[in-house]
Amino acid sequence: MKYTNALFLKVSFYTIILLLCCNIISAQYLYDYKRTADMFYERGDYYSAAQYYAKFLTSKNAKTALGNYQPYMVKIAAKGMKKEANTYENVVYRLAESYRMYFDYSNAEKWYGVSTQFDSASFPLAHYWYGVSLRANTKYSEAQGEFKHFLQGRTLEDEYTNSAKKELANCKFIQEQLSFEKFNVQVDKMNSFINQGGATYAPVWMDNKTFVFTSSRGDSAAIAWSKGTNPYFNNLYQSSITDSGYSLPVKVKVDVNKSLQQGAAVFTADGRRMFLTRWVQVEGKNKGAIYMSEKSGPTWSDPVKLNISVNVEGYSSIQPFVTIDGKHLVFASDRPGGVGKYDLWYSVLDANGIPGPASNMGTSINTVDDEEAPFYHAATNTLVFASNGRVGMGGFDLYSSKGDFAGWAEVKNLGYPINSTKDDIYFSSRGRKYLFTDANFSSDRSSVCCLELFELKRKSLYVTGKLVDCGTNEPMVGARVNVVDTITNKIVYTQDIDATGTYGFEIEEFMPLKVVGEKKYYLPKSLHFYKPGESGADTLMNPDLCLKHEDTAKPYPVGQPVVMKDIYYDFDKATLRPESFPILDTLAKVMRMYPDMVVEMSAHTDSKGTEKYNLKLSDARARSCVEYLIKVGIETMRLQSKGYGKCCPIAPNTTPSGKDNPDGRALNRRTELKVIHY
1 MKYTNALFLK
11 VSFYTIILLL
21 CCNIISAQYL
31 YDYKRTADMF
41 YERGDYYSAA
51 QYYAKFLTSK
61 NAKTALGNYQ
71 PYMVKIAAKG
81 MKKEANTYEN
91 VVYRLAESYR
101 MYFDYSNAEK
111 WYGVSTQFDS
121 ASFPLAHYWY
131 GVSLRANTKY
141 SEAQGEFKHF
151 LQGRTLEDEY
161 TNSAKKELAN
171 CKFIQEQLSF
181 EKFNVQVDKM
191 NSFINQGGAT
201 YAPVWMDNKT
211 FVFTSSRGDS
221 AAIAWSKGTN
231 PYFNNLYQSS
241 ITDSGYSLPV
251 KVKVDVNKSL
261 QQGAAVFTAD
271 GRRMFLTRWV
281 QVEGKNKGAI
291 YMSEKSGPTW
301 SDPVKLNISV
311 NVEGYSSIQP
321 FVTIDGKHLV
331 FASDRPGGVG
341 KYDLWYSVLD
351 ANGIPGPASN
361 MGTSINTVDD
371 EEAPFYHAAT
381 NTLVFASNGR
391 VGMGGFDLYS
401 SKGDFAGWAE
411 VKNLGYPINS
421 TKDDIYFSSR
431 GRKYLFTDAN
441 FSSDRSSVCC
451 LELFELKRKS
461 LYVTGKLVDC
471 GTNEPMVGAR
481 VNVVDTITNK
491 IVYTQDIDAT
501 GTYGFEIEEF
511 MPLKVVGEKK
521 YYLPKSLHFY
531 KPGESGADTL
541 MNPDLCLKHE
551 DTAKPYPVGQ
561 PVVMKDIYYD
571 FDKATLRPES
581 FPILDTLAKV
591 MRMYPDMVVE
601 MSAHTDSKGT
611 EKYNLKLSDA
621 RARSCVEYLI
631 KVGIETMRLQ
641 SKGYGKCCPI
651 APNTTPSGKD
661 NPDGRALNRR
671 TELKVIHY
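The opening position of the sequence shown corresponds to residue 1 in the UniProt record's numbering, with each subsequent residue numbered one higher.
It is possible that some hints are incorrect.
What the hints assert, rightly or not - Under the rule of at most 27 Å between Cα atoms (straight-line distance), these lysine-lysine pairs were calculated in the DSSO-like manner:
| id | residue 1 | residue 2 |
| --- | --- | --- |
| 1 | Lys520 | Lys589 |
| 2 | Lys608 | Lys514 |
| 3 | Lys519 | Lys674 |
| 4 | Lys573 | Lys642 |
To be verified - Derived CB-CB ranges, DEER-like:
| id | residue 1 | residue 2 | range |
| --- | --- | --- | --- |
| 5 | Thr155 | Ser192 | 47 to 57 Å |
| 6 | Gly362 | Asn489 | 20 to 30 Å |
| 7 | Val448 | Thr242 | 30 to 40 Å |
| 8 | Asn235 | Ser106 | 45 to 55 Å |
Worth flagging that the hints you see were computed from the coordinates, not collected in a lab.
Being a predicted model, the structure only gives us computed values, none of them experimental.
Yeah, the Cβ is synthetic: ideal placement off N, Cα and C, and Gly gets one too.
Make the full structure from the sequences, and use the hints.
Written as structure tokens, this is what we have:
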């Protein structure tokens with residue numbers, strides 16, 4: 001019995017020692033998961049960091065390391081470690097950061113959500129990044145709540161304050177975009193031959209049959225060569241167009257520098273010269289420069305780094321684009337002298353492709369944030385680029401601006417479905433006539449980590465209709481149809497009517513248009529349209545447009561107010577908006593046909609605001625219409641203006657229950673025409 005008790009005590013003693021050692025080892029492994037995660041985090045390897053932070057948070061015992069990695073400096077220590085509260089909070093926040101940094105917003109949302117419960121003084125940006133993650137995951141209302149929470153009581157005007165305000169505007173913009181039906185563009189992900197592992201981005205055409213892109217897909221040769229080599233290395237790939245689609249991609253035959261990654265290329269129109277980006281990661285950040293290579297048979301020469309006009313020492317110049325005439329090199333750079341972080345710059349190229357001094361593209365294009373990945377479509381004189389510094393759908397959006405290097409028009413967001421709540425960047429098109437014909441771009445909208453390639457197809461919409469005589473219903477042979485862009489007030493299409501009386505044309509992208517029918521001795525008539533009545537329709541059948549002969553009818557009744565549709569003013573102002581000009585131009589044309597015609601232009605408001613204010617505003621708006629008519633040549637003595645304020649509603653401003661009636665108010669805010677005499 002004594003022997004048994006002694007044996008029991010001895011076994012119990014060693015069991016306790018063994019359990020203590022296991023706990024010590026387990027704690028040390030747990031500690032080293034964090035050290036390993038921190039090491040990867042500081043290196044900028046956020047994917048690996050996330051795996052180890054997650055392991056630290058979930059492990060109770062030392063387990064086999066994830067993947068092919070082994071825990072950093074695993075040792076058996078006599079002294080145990082435990083997770084303290086502040087350590088736990090720091091790991092949770094860094095885990096959220098790691099997920100966000102490699103664009104896994106689903107997991108980032110989860111852990112930022114946890115972080116918002118911590119002390120805000122220790123984690124002041126938790127609500128901001130939680131909002132960003134929610135927005136990226138299409139939870140717009142929740143995102144708005146987080147951005148508002150972040151801004152509450154915040155007096156510091158820094159980049160995050162400004163960014164949170166912009167994100168609120170982004171959420172509103174997104175909801176507006178998603179409410180519109182876009183009938184003339186279709187976005188499709190490219191096939192798995194092209195999108196094959198890793199990131200796939202920066203599409204460009206070497207020639208009419210050779211599609212080139214950048215990809216970090218796994219390199220089997222690198223895997224076989226050494227397990228210590230990162231097989232996910234960015235390089236240029238090409239694929240040929242065949243009758244059955246795209247061929248299996250192969251690497252572009254250009255020299256590879258094993259210390260530099262390369263991609264984001266562009267080719268001159270003759271396909272003989274290539275400009276490309278090469279970069280290396282330094283302390284978690286990419287440092288890049290632009291190189292040039294020339295084709296020699298089926299291969300390319302060893303790329304040569306461009307001069308200091310483009311590549312400034314200590315800064316990055318990336319993502320080159322060459323105009324179709326070969327005269328301009330456009331690129332992104334964080335070099336000194338810019339407006340923001342990465343700006344768009346351009347340089348004039350000589351006959352040998354050597355760039356001259358670079359010029360910044362100015363504040364009409366660049367913002368205080370990043371502008372990248374330029375593309376210029378010569379057929380439509382349109383610059384397309386990516387920016388994260390403007391109101392958009394989130395992350396990088398694609399924007400456009402008409403013009404040339406002498407000046408650029410207002411920048412416009414390309415909208416949904418081209419843009420998404422993720423990053424949309426690297427636009428390219430080989431459309432000879434239209435920007436969105438045969439176009440490609442990169443987006444991570446359907447990926448948790450990486451950019452992928454998408455095709456953008458322009459769905460043709462054919463508009464047709466008939467022009468007839470109102471009296472006889474016969475075709476208006478010899479009449480003319482003008483199609484007018486109601487934003488710019490420019491004629492974009494003209495057709496003379498033949499014996500059939502029909503007209504037909506194809507709509508260009510996103511154009512609210514008006515068809516105007518006219519013929520000598522007839523009063524002009526117009527018809528507005530924007531999109532087909534049925535989703536997916538490829539033909540829009542306009543109703544017949546009939547013209548009245550001058551001698552058989554007067555265009556407007558005498559003494560009776562007629563609501564003038566399509567007259568718009570700036571909010572709370574009397575300034576006419578450009579889309580109002582066509583209807584006033586039509587009125588001016590009628591008044592020239594009737595030289596004795598005298599009219600009163602009147603304006604009305606809804607019931608909001610004081611009577612004095614509404615009378616003043618409506619009077620100013622009526623005078624704006626008269627001033628425009630005078631400007632286009634109508635005599636002052638033939639024009640009268642009057643503001644009626646809110647006196648004469650044509651619809652109720654409130655519902656029977658006393659609630660606000662927005663539809664009624666919209667009808668009451670109107671401009672009217674009244675003919676005094678002919």
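Honestly, do glycine 362 and asparagine 489 meet the 20 to 30 Å range at C-beta? Because 27 Å falls inside the window, the suggested range holds.
CB-CB spacing for threonine 242 and valine 448 relative to the 30 to 40 Å hint: For valine 448 and threonine 242 the Cβ distance comes to about 32 Å; the hint holds.
Check the hint pairing lysine 519 with lysine 674 against an upper bound of 27 Å on the C-alpha distance. Given pair lysine 519, lysine 674 holds - Cα atoms ~25 Å apart, limit 27 Å.
Could you tell me whether the CB distance from asparagine 235 to serine 106 stays inside 45 to 55 Å? With Cβ atoms ~29 Å apart, the hint is violated.
Taking 27 Å as the top limit, are the C-alpha atoms of lysine 573 and lysine 642 close enough? Satisfied, since the Cα-Cα distance of roughly 16 Å is no more than 27 Å.
Can the suggested window of 47 to 57 Å be confirmed for the beta-carbon pair threonine 155 and serine 192? The hint (47 to 57 Å, Cβ to Cβ) holds, given that threonine 155 and serine 192 are roughly 51 Å apart.
Is the straight-line distance between the alpha-carbon of lysine 520 and that of lysine 589 27 Å or less? Holds. Lysine 520 to lysine 589 sits at ~12 Å (cutoff 27 Å).
For a C-alpha distance cap of 27 Å, please report whether lysine 608 and lysine 514 respect it. Cα-Cα ~32 Å, so violated.
Hints 2, 8 from the earlier list are contradicted by this structure; the remaining hints agree with it.
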